[in-house]
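Participant: Take a look at the letters that make up each chain.
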Amino acid sequence: MKTHKIPSPQTAEMGEDPLGERLGKPLTEEEELYKENILDHYRSPHNKGQLKKYTQTHSDLNPLCGDRITIYLQVSPNSPKILTDISFEGSGCAISQAAASLLTDNIKGKKVEEIRNLGPWDVFNLLGIRISHTRSKCALLSLKTIQHGLQGVK
Amino acid sequence: MDSNMQKKGSDNHLDVDFQQDFPSLNSVTYLDNSSTTQKPKVVLEAMNEYYTRYCANVHRGLYTQAEQATQAFEKAHQTVAQFIGAKAEEIIFTSGTTESINLLANSLGKNLLPGDEIVISIMEHHSNIVPWQQIAKEKKAQLKYLTLTDDYQLDLKQAKKIISKKTKIISLAQMSNVLGTINPVKELAALAHKVGALVVIDAAQSAPHIKIKVKELECDFLAFSGHKLCGPTGIGVLYGKKKMLDNLEPSKFGGGMIKEVELQDSTWANLPEKFEAGTPNIAGALGLAAAIKYLQIIGLNNIEKKEQELIKYALNKLKTVPGLKIIGSQNNKNRGAVISFTMKNAHPHDVAEILARENVAIRAGHHCAMPLHTSLKLEGTSRMSFYFYNTTDDIDTAIKALHKVNKIFQ
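Those protein sequence lines, which keep their order, are chains Y and G. Under our numbering, the first residue of the first sequence is numbered 1, with each subsequent residue one higher. Under our numbering, the first residue of the second sequence is numbered 155, with each subsequent residue one higher.
Extracted from the complex, chain G is given alone in its bound form:
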């Protein structure tokens, strides 16, 4: 472990130059971390090592490389399990949060009856809306939405009214990818369990930033993506309580997920293979495990602390830009490292374009949350989102570019 790595685990989290671990951060002020994060060298090396030294399929061959690949792949399940306080057999590798939620909607949806209700919130990402919407249509179930308070928090009073005995599934983002709001998912899980509903947590935005313990959240299922926490694209996770996964029917069939195949029927493999049909994304899983280990060396608590400083700094600086309105809580408490905003005279797309020309990467549009933008009567927003490797200098660069927006669109 070099001195920089040792420093990473220390309390002097602000002193460390994390950017030197990320080859892609050389040429850009990257503030689009809610979309995807950059990849540290250790992740690229882990994937490269698999492809160059022991490239083989898992669970099949008896030769050395296959043994090594299988062991590494199984260990990746353990690394993820430990990251969220679960058991290895409760970790299913998927292509990402979207596939995880689709798997749930298809499998859990089989048991829905006409009149049953699914509860989500208005701030959900499309990946936690559309799968439920489609299964609800098919099963003649109702999709109900939790609404927001004036301070962009979930309205718990309304939630208590909406969650009823008809509710079978509640699926909520732990953190909004637009507002940055961190939702009280534990309290809502308790409400849901009282009426016998299943609880799904979309942790795509929260897992990279907040320490998650699934037992504490008391959720039945939880989904997140690898690429938003320094891992590669195309790998994600579905956690499910063992009891739940045992009772759940798979929705993807093929090799690897079976115990025995007869001409007219089949039986399923044990967890987690039962839900991992086909050759999995082996390199992706190993890259994800390397990413998680990298985050753990830094420490999730240090990541959270650093991001809190960045949010506080950014909120204060953004307030100095004329015509800029923050769409989300102005308070840095209970808020993740994503800040969406509008500008009085410039369309979000033009804001992002001008920043792009200053080599600052932000996102513009509805951020895959059209119902949220419609409910707030907004066509779109500009969004900057941070990760631990960002610095206050990055924020200053962005603020300078925002002043340029005002100069052009005065």
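Next up, chain Y with everything else stripped away, as it sits in the complex:
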């Protein structure tokens, strides 16, 4: 499965668009929302289920569409803290499920500090599609839940 490179936190602010000025332009074939990649992750999500051993867990929901997610995180005890394993459970639309699948794949093995600094565009880039304002809540639910879950990690 091809994943995209996450841009540095400096370029990953909401409102910036590292993929070019896509908003307001008609969709190209490549920007089709339900690309095979998204649908693959929706049908067979990676890292789905409950971890046998985890140090952190957090749940959240998107009241707009009823998407629910629970994140399980295994963080290494020594400094620098590393996210050694991650999984999620939950249900929702293709965008929220694919985002959770892609994001959990991408951040596994990364430093906690690095994950804390991720922003909306990191997720949008992983998805590789144009996300409308309303759907951004679906796309960002997993990131929000993961970052909330990491709040307790000192």
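To be clear, the hints were calculated from the coordinates, so they are not data collected in a lab. For glycine and all other residues, C-beta sits at the position ideal for the given N, C-alpha and C. Among the hints, erroneous ones may be present.
What the hints assert, rightly or not - Cross-link-like lysine-lysine pairs, in silico, DSSO-like; alpha carbons within 27 Å at most:
#: 1; chain 1: Y; residue 1: K137; chain 2: G; residue 2: K340
#: 2; chain 1: G; residue 1: K531; chain 2: Y; residue 2: K144
#: 3; chain 1: G; residue 1: K340; chain 2: G; residue 2: K311
#: 4; chain 1: G; residue 1: K320; chain 2: G; residue 2: K291
Said to hold, decoys possible - Computed footprint of chain G on chain Y, listed as stretches where at least three residues anywhere in the stretch have a Cβ under 8 Å from a Cβ of chain G:
#: 5; stretch: 57-67
#: 6; stretch: 70-84
#: 7; stretch: 88-94
What the hints assert, rightly or not - Here are some of the chain G residues that sit facing chain Y, going by a computed Cβ distance under 8 Å:
#: 8; residue: H501
#: 9; residue: H503
#: 10; residue: D504
#: 11; residue: E507
#: 12; residue: A518
#: 13; residue: G519
#: 14; residue: H520
#: 15; residue: E533
#: 16; residue: G534
#: 17; residue: I562
Mind docking chain G on chain Y? Use the hints.
Facilitator: What follows is chain G alone, placed relative to chain Y:
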């Protein structure tokens, strides 16, 4: 009156192109009428006329424009009153159904005692749940729910068991915003009155589609919104029997609602001003009155007939979409123009998104009815809802898009 307007009142209700009255319908197949409806030119013109020709506050100034605004505002009360068979003083303008029900929950709630019961149903919109839930918590009263039969109707047997002498208030939707079910509110009002309970009808979904006569429904209060019947947003109605409103304490205080203000106490104005504190939504009220007049030219019975045809057509067409399950009665009888459904392989949000990309506007989610979806073990549904200006072509466009959903999510 032009020929199109004359045609509107005739029996050939299906021949009329209503969409030409709605500038916003040019660019979209709009099937989200349970959320809000589009606005005809006459409504926009009525509001524009107020703002451009006689913009003044009501009940205050002595100059011409203030006189004109006051008269128009009072006439709007009369138009609404006549629309539901009430008296003008029984019509309170609010910001919408939600504010109307909040007003009732706060005012009626003052008299609740611990152990008293409020009865609503599992199919209610959040606006007819949360206000009661909160006042019940505060007063240590019980909130009880009527449940559904397998055919998505209120279970009247269970209702007879639940409604008891402890019941003080019953508040029910006349029509479900998810299932489309039209509830037998008259029968339930009779049950409620037998035990001395007050009856509140949430007519947000029904008022746009069904002819309402409050006397026939025998309700004590009834609430609806302007924007769901071609009126502007931010204006709604609370009807209350005069006797009830006379005895009810206001819950909003300020200018316009008082008779006399002393340093430590005040007395209240007559109805309906007693419940209309502050400068009202004047343009909204005038827009609502214009919307009601527009609907009356078409005729509520013609609207109902046209919608029945649309529901029947849509139910038949939807049955041809593989994997689609209708959440609500499959029968077009006793059912309003809203159809919720699920699709086997696609989440409601994805369904709505794909339709949106085909320029078809529907809604997805729990439609402000989480307890209903939870009770049906559904995360959400997709919903299409019609109004008289929709056509069978609109339904065909939506059905085509639903087949595209299946193609993507096969």
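Participant: So, for every hint listed, does it hold in this structure?
Facilitator: Each hint, compared with the structure:
Taken as a hint, the K137(Y) and K340(G) pair is broken in the structure, with Cα atoms around 42 Å apart against an allowance of 27 Å. The suggested pairing of K531(G) with K144(Y) holds, with an alpha-carbon distance near 26 Å, which does not exceed 27 Å. With a C-alpha separation of about 15 Å, the suggested pair K340(G) and K311(G) falls inside the 27 Å cut-off, and the hint holds. Of the pairs offered as hints, the one joining K320(G) and K291(G) holds, with about 16 Å between alpha carbons and a cut-off of 27 Å not exceeded.
With a cut-off of 8 Å between beta carbons, the stretch 57-67 of chain Y has 4 residues touching chain G; three or more are needed, and the interface restraint holds. Check result for the stretch 70-84 of chain Y against chain G: violated, 0 residues qualifying (beta carbon to beta carbon below 8 Å, three or more required). Figure legend: the stretch 88-94 of chain Y, annotated as covered by chain G; annotation consistent (4 residues with Cβ-Cβ distances under 8 Å, at least 3 required). For H501(G), the interface hint holds, the least distance from its beta-carbon to any beta-carbon of chain Y being 4 Å, beneath 8 Å.
Taken as an interface hint, H503(G) checks out: its beta carbon lies about 4 Å from the nearest beta carbon of chain Y, inside 8 Å. For D504(G), the suggested interface contact is upheld, since its CB lies about 5 Å from the closest CB of chain Y, less than 8 Å. About 6 Å separates the beta-carbon of E507(G) from the nearest beta-carbon of chain Y, less than 8 Å, and the hint is met. Because the smallest distance between the Cβ of A518(G) and any Cβ of chain Y comes to about 6 Å, under 8 Å, the interface hint for this residue holds.
Below 8 Å, beta-carbon pairs count as interface contacts, and G519(G) has one with chain Y at about 5 Å; its hint therefore holds. Interface hint at H520(G): satisfied, since its Cβ lies 5 Å from the closest Cβ of chain Y, which is below the 8 Å cut-off. The beta carbon of E533(G) is positioned within 8 Å of a beta carbon in chain Y (closest approach about 5 Å), and the interface hint is therefore held. Interface hint status for G534(G): upheld, as the beta-carbon distance to the closest one in chain Y is roughly 4 Å, under 8 Å.
The interface hint given for I562(G) is met, as the beta carbon of that residue sits about 5 Å from the closest beta carbon of chain Y, less than 8 Å.
Consistency with the previously given hints fails for numbers 1 and 6, ordered from lowest to highest.
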